[in-house]
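Asker: Taken in order, these protein sequences are the chains called H and C. Numbering-wise, the first sequence is residues 1 to 281 according to our numbering. Numbering-wise, the second sequence is residues 1 to 330 according to our numbering.
Worth double-checking, as some hints may not be accurate.
From the structure, some residues in chain H lie toward chain C, with a derived Cβ separation under 10 Å [stated by the list, open to error]:
#	residue
1	P65
2	A67
3	Y100
4	V140
5	P141
6	V220
7	S223
Straight-line Cα separation of at most 30 Å, DSSO-like style, residue types lysine-lysine; simulated pairs [as the list claims (entries may be wrong)]:
#	chain 1	residue 1	chain 2	residue 2
8	C	K188	H	K256
9	H	K226	H	K152
10	C	K226	H	K270
11	H	K107	H	K204
12	C	K222	H	K247
13	H	K256	C	K322
14	C	K223	H	K248
15	C	K188	H	K248
16	H	K256	C	K325
17	C	K226	H	K248
18	H	K247	C	K188
19	H	K3	C	K188
20	H	K248	C	K227
21	H	K107	C	K227
Calculated directly from the structure, the hints in this document are not laboratory data. Predicted, not measured: the structure shown is a model, and the values here were computed from it. The beta carbon of each residue, even a glycine, is placed where N, CA and C say it ideally should be.
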Amino acid sequence: MLKLVVCIKQVPMVSELPWDPNTRTLKRNLAEGMMNPACGHALEAALQIKKQHGGHIVAITMGPPMAEEVLYEAIAMGADRGVLLTDRSMAGGDTSATSYTLARAIKKECPDFDLVLCGCYTSDSETAQVGPQLAEELDVPGAAYIEHIAVKDGAFRLHRVTDNFLEVLEMDMPGLVTVTTHTYMPRYPSLEGLQSAFARSDIKILNARDLRLDPAKIGVNGSPTKIINVYSPTAAKKNIVMQGTAKKVVDEIFAKFADRISGAIGKDLKTHYHDNKACTK
Amino acid sequence: MNRSIWVFADYRNYFQNRVTLQLLAKANQLAAQIGAEVCAVVLGYKIDEYVAEYIAHGAQKVVVVEHRSLQKYSMEKYAVLMERLARDYQPEIILIGATAFGRELAPRVAKRLGTGLTADCIGLEMTEDGLLRQIAPSFGGNLVAEILTPEHRPQMATVRAGIFQEIPHNNSLHGEVVRIPLPKDLPKDRLRLIAYQRQPQRDQRLEDARVVVCGGRGMGSKKKFKKLFELAQLLAGEVGATRPVVYAGWIDNDALVGQAGRNIRPQILFSFGISGAIQHTAAVTDAEFIIAVNKNPNATMMKMADVAVVADANQLCSALIKELKDRIQT
Ligand SMILES: Cc1cc2nc3c(=O)[nH]c(=O)nc-3n(C[C@H](O)[C@H](O)[C@H](O)COP(=O)(O)OP(=O)(O)OC[C@H]3O[C@@H](n4cnc5c(N)ncnc54)[C@H](O)[C@@H]3O)c2cc1C
Ligand SMILES: Nc1ncnc2c1ncn2[C@@H]1O[C@H](COP(=O)(O)O)[C@@H](O)[C@H]1O
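With the hints as extra help, turn the sequences into a complete structure.
Answerer: This is the structure in structure tokens:
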């Protein structure tokens with residue numbers, strides 16, 4: 001029986017967050033949350049390992065209280081229990097603070113884990129840093145962008161495709177992987193699954209004090225990186241705007257830029273006779 | 001000790017992926033502003049060729065750890081070595097190419113050193129106070145964030161290939177080579193490479209194409225998107241796409257243009273039904289001439305185009321095809 005931990009983040013449903021250029025703030029409240037896609041693949045990988053070898057799956061998320069939703073979803077899919085890490089002092093942490101916090105929770109809740117599974121990246125920040133940093137915090141071997149996991153002779157057999165290499169790796173237990181979105185398509189939670197997840201789900205809520213976190217290592221203050229400025233990058237060029245029917249616009253493009261196009265494609269372009277007629281009219 | 005800016009030498013796909021050379025060029029600009037030297041760190045076995053290459057591309061110093069046991073990239077060994085070297089030499093800045101390996105190595109090294117790391121920067125500058133301003137997309141690509149690591153050292157960032165321009169190979173450049181023996185007490189690998197196989201090289205056509213026709217979600221459907229291939233063929237160009245298009249399966253993942261895909265620098269870029277999220281536009285800023293087609297005149301892509309056509313992308317594509325068929329001399 002394997003002890004598995006899956007780290008799951010709740011991310012905004014839309015990839016394009018509504019940005020208000022006037023107030024220069026994010027209209028975050030408009031965005032609904034969902035399970036980060038890659039985390040769904042990591043959970044699916046854990047479920048398949050459990051099915052083959054037997055196991056126990058703990059889903060962990062750090063976020064605002066509303067992030068509990070992804071734990072219900074994880075339990076409905078087949079995770080055995082959930083842990084929500086929520087505290088104002090954890091908010092705004094960078095990947096260093098996040099991985100520290102997740103590591104403390106794992107050491108407290110599942111110290112004898114065999115495998116931690118993360119998504120390879122999140123859709124909102126896509127740093128892909130939390131997994132590798134969590135492996136450092138836990139002092140276990142780690143491998144990113146994994147597409148297949150097998151258990152063999154007391155070790156993990158991993159497959160990945162990175163930087164033009166197809167690699168097969170052997171990793172000691174315990175270890176950590178981050179899972180890509182190419183394989184392990186997440187299953188849909190059944191309706192009964194969802195209902196029973198809400199009815200009798202095992203979710204533990206922990207704050208910074210429960211985890212005895214070092215305040216100097218969490219949240220905004222515990223983050224080595226500081227965001228000093230955020231802006232919307234509209235590098236406006238002085239451009240030509242064309243409007244009208246497709247035919248008219250295309251004629252205009254060729255009238256002005258036929259030479260440029262002909263140069264780039266390395267072919268001569270005929271001048272257009274009915275254009276000329278139109279001009280003489 | 002001299003102040004230094006380090007570039008991790010990621011030589012595994014040297015001829016296809018020039019990101020290390022591009023970072024050396026950027027490091028030279030930054031170093032000039034803070035009076036630092038540029039140093040490449042090369043870990044491996046039989047790597048003299050690369051050492052010479054990095055010097056010819058702007059490394060004033062190369063720190064080399066060469067040993068048979070480093071013949072293959074090893075995450076754990078490399079992370080420990082980078083940490084120890086950084087503790088000994090205390091570089092101000094470490095830049096790492098955002099290859100799959102670099103994106104895994106950098107966070108591990110940063111964590112070991114207890115410092116910060118910014119992923120996938122699209123710009124790097126020095127502030128007046130001599131700090132590294134790390135400019136990176138945030139919040140799903142709508143916004144750009146400027147990030148500092150004010151108190152921790154080194155300041156670390158990863159950068160994808162194609163953001164910066166390499167310095168042309170120059171044999172007359174000189175560099176000091178510092179050879180460091182492999183420490184005897186490296187931890188045993190807990191992750192072992194059992195087998196590997198080099199994949200067929202990705203085509204470089206998109207990067208090299210003189211004309212690129214890029215389509216976005218605004219093309220509407222897979223069927224309509226197909227028209228772009230006809231247009232590209234007439235223009236002797238290649239087809240690129242945005243992420244939603246790739247996710248929808250209208251085209252292969254290889255055609256993805258943007259931070260997660262390819263950087264392009266065509267003479268003419270046609271952009272159809274693309275909103276212009278920073279993850280996409282960061283990879284097309286080197287296009288010489290951009291013709292964008294969008295129903296929405298206020299789309300970011302339209303603002304950065306030389307010609308902004310307010311029209312239906314499909315209709316315009318069809319009209320262009322017809323016109324080109326008419327005009328191309330056969
Ligand atoms: C970490 C991260 C990495 C990413 N990496 C990449 C990347 O490498 N490459 C990439 O492309 N994206 C990437 N993205 C996604 C990126 O943020 C955008 O979501 C994406 O580029 C938007 O694609 P789009 O312009 O095709 O679609 P949309 O943003 O949906 O834009 C569609 C556009 O088409 C226009 N339109 C609609 N109908 C028509 C019509 N009939 N005629 C003309 N115009 C029409 C609309 O006005 C709109 O402007 C990444 C996102 C994240 C979070
Ligand atoms: N707040 C969080 N709670 C739980 N897991 C997280 C959190 N942030 C990141 N992770 C894990 O780290 C992975 C990579 O995230 P990132 O480094 O932000 O791209 C995610 O897929 C999750 O598995």
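Asker: Evaluate each hint against the coordinates.
Answerer: Status of each hint after checking the structure:
1. P65: violated (21 Å)
2. A67: At about 18 Å, which exceeds the 10 Å cut-off, the nearest Cβ of chain C leaves the hint on H:A67 violated.
3. Y100: holds (9 Å)
4. V140: Because about 7 Å separates H:V140 from the closest Cβ in chain C, which is inside the 10 Å limit, the hint holds.
5. P141: Result: holds, 4 Å to nearest chain C Cβ.
6. V220: violated (12 Å)
7. S223: At 7 Å from the nearest chain C Cβ, H:S223 passes the 10 Å test, so the hint holds.
8. C:K188 <-> H:K256: violated (66 Å)
9. H:K226 <-> H:K152: Answer violated: H:K226 to H:K152 is near 43 Å, above 30 Å.
10. C:K226 <-> H:K270: Holds, at roughly 26 Å.
11. H:K107 <-> H:K204: holds (15 Å)
12. C:K222 <-> H:K247: holds (24 Å)
13. H:K256 <-> C:K322: Status holds; Cα separation ~18 Å.
14. C:K223 <-> H:K248: The hint holds at about 25 Å.
15. C:K188 <-> H:K248: violated (70 Å)
16. H:K256 <-> C:K325: holds (18 Å)
17. C:K226 <-> H:K248: holds (23 Å)
18. H:K247 <-> C:K188: Distance of about 68 Å is beyond 30 Å: violated.
19. H:K3 <-> C:K188: With a Cα-Cα distance of about 24 Å, the restraint between H:K3 and C:K188 holds, given a limit of 30 Å.
20. H:K248 <-> C:K227: Answer holds: H:K248 to C:K227 is near 20 Å, not above 30 Å.
21. H:K107 <-> C:K227: Distance ~55 Å between H:K107 and C:K227 Cα, so the pair is violated.
Checked against the numbered hints listed earlier, the structure breaks hints 1, 2, 6, 8, 9, 15, 18, 21; every other hint is satisfied.
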